[in-house]
Amino acid sequence: MRKGFKRTVALALSVGMLLGMSLSSYATTIDRSYTYNYDYWGDVQDSPDMYSVCKVFTSTELGLEKRLNSPQGSCVVGNLLYVCDTGNNRIAIFERTSRESFTFVDEITSFEGSEEPKTFSSPTDIAISEEGDFYIADKGNARILKLDKDLNFVQKFTKPIDNSIDKDIVFQPSKIAIDTAGRVYCVAIGINKGLIKYEADGTFNGFVGATRVVFDFKMYIMKKIATQEQLNKMESFVPTEYDNLYMDKEGFIYACTGNVEADTLKAGDADSVRRINPLGDDILIRNGVYWDGDFPVYGDLYMGNGGGYSGPSKFADVTVFDNDAYVCLDRNRGRLFAYDDQGRMICVFGGAGNMDGYFRNPLALEHMDYDLIVVDQLDCTITLFTLTDYGRLVFGAMDQFDNGEYAKSGKTWREVMKYNGNYDLAYIGLGRAYLRQKDYDKAMDYFELKYDAENYSKAYKKHRKEFVEDHIVLIVIVILALFLIPLGIGRIKLIKYQIQISDAFKYNN
Amino acid sequence: MFAALKSKENWQRYFKSLKFSLYCLTHPIDGFWDLTHEKRGSYSAATTILVLAIAAYVIRLRYTSFIFIQVYWEDLNIFMYIASVLLPFILFVVGNWALTTLFDGKGRLGQVYIATCYAITPYPLIQFPLMFLSNFITVDESEFYSAMYVISIIWVLFIGILGMSQVHEYGFGKNILFLVATVFAMLVMIFLLMLFFSMVSQGVAYFISLTKEMLYRL
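Going line by line, the protein sequences match chains A and B. The numbering used here applies: residue 101 is where the first sequence begins, and numbers increase by one. The numbering used here applies: residue 926 is where the second sequence begins, and numbers increase by one.
Hints were generated in silico from the structure; no laboratory data involved. Not one of these hints is a red herring.
Subject to a maximum C-alpha distance of 30 Å in a straight line, what follows is the list of computed DSSO-like cross-link-like pairs (lysine-lysine):
hint, chain 1, residue 1, chain 2, residue 2
1, B, Lys941, A, Lys593
2, A, Lys218, A, Lys259
3, B, Lys941, A, Lys596
The task is simple: from the sequences and hints, build the whole structure.
Take a look at the structure:
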């Protein structure tokens, strides 16, 4: 309603503005920085780079005789990088020998044992257990292989025999993760009931983390009135399948999906990334501060057409740092979205293109400490990102806070602020540091600056309690005075009135 | 003009009529009857209440705790913001008067204005203290704020509806009917205004382009 009236006024003003129309064409081509952030209002805020491209490795630079062909998966253990060279049916192993170099160590093309065939067909993912066993998603051969560290066949995980899975569907395990007990979680193409869960002995143990199906009333009506032919043309009404998963160090699975629609994401009916507990519930924390409620963890807020790309961010992979911050890889626009453990955006960087730091079809993301490794399927390159000074400060401040060094953390956040004054996390981080140092006044100031109502309230509650405790005597006196003074005045007035009407005094006057 | 301001009698009448708005809060039927029929209200007092209400509406943006109201200052046009309440208010007064005049409503335009202004008394009366109070409560206690806020609105609507029935000497059903009809009257007026403004803007654009054309040719 109110908007309607605003429009009326706007129309009225537009008459006047018509005359000044020619003045209003200001420069529209604003150069955006490589890295950016969304603030409380969802506005894009330029940011200094948190990550910079350390080096882009092509097949030649990696020392490969046979060039990489459509690599789709990767895995990092220590300083070893395992890349699934899907097109060449092999796993290539690289060692990070210095800060900016990977050298080719070995490749896995076959294994020993009773299982046939002994070679791979389009391996898409690899996972490595703590004991050094390899788990390989051998997509073309419809199996997940478990090999010991000497590449002897141990066991395989095959298509689950279950009523809920179509018997005719070809089993195509594409992404896998393993937990410490040796259970295997698998994303398979065409299976949308969640992650397939195998026990360590290879038995199928149901699905976990099925995506929510949203009941759509419009769809329901449509189905009632549509003809059979129309129904056949309609997209089948199914939950979305996951694209990738990552097992974090606590044993929770981060699963991401690119099969998302802009409207369901914005309505909060779909998630791009989830943290799945053993019961299959999503426990991802979304505590970010955003004018419209929780901060949306689905990548770009603006999904309009631009540069040939449209639609929401499509997360192809996710990786989780040791401090529970996580980075999602958007294969749609080639961007990386970093969020902290509370679901607040740390930074966004990257893009689609051919330059260093831009991608064409990035599919795999791994991390070595805080360095990020992106595997691009089309470019057949491995891009290594390392932290800049600014990035080191941001993560440093987070780590210091987690370690309980609040004063230090506050100091570091202040350093961050010198680099980037438009960084909401720095203000809130500084506020949290002050809050832990029991400097509630300052904490409140910083939270208020970035509209963090939850933390502000925490600080204010403490502040209020302190205030009341310090001034309890004064408060009691004021309250008593507020009650007693009107009471006293009333009494005096009453007495005066009684004196006035009293007969005893009437004649004495 | 200034002589009128100096007259003590005028001031007394003003304050008396202003004070009468408090009586209307708790005795709406009686109060609004007296307001118009016994001339207990005044234009000056009514306008004061309106100004106070608008002031509360604007000032609360700045002085309410950010927990309850977050303002994107970059996009805020204070005139638009004021117009967003003032315009509906004027439309309501005019629309209501125009409609009820046709269906033997007794209220004159001035009386409808005074009664409507007196009806919004609860808004500034609650909003100003609420604004102050909001700075002393946390997110957990936000229900207090929203409850008080809703009360201020409901109170306005309640005495507004009752007040209108007294001004026009309508029964309850007829009163509600014409209040609903007033909303439609407002929509019609908005439509006409938009039509008017778009036609004016097109007219202006026509002459501008005509002048431009002529300047190019000459």
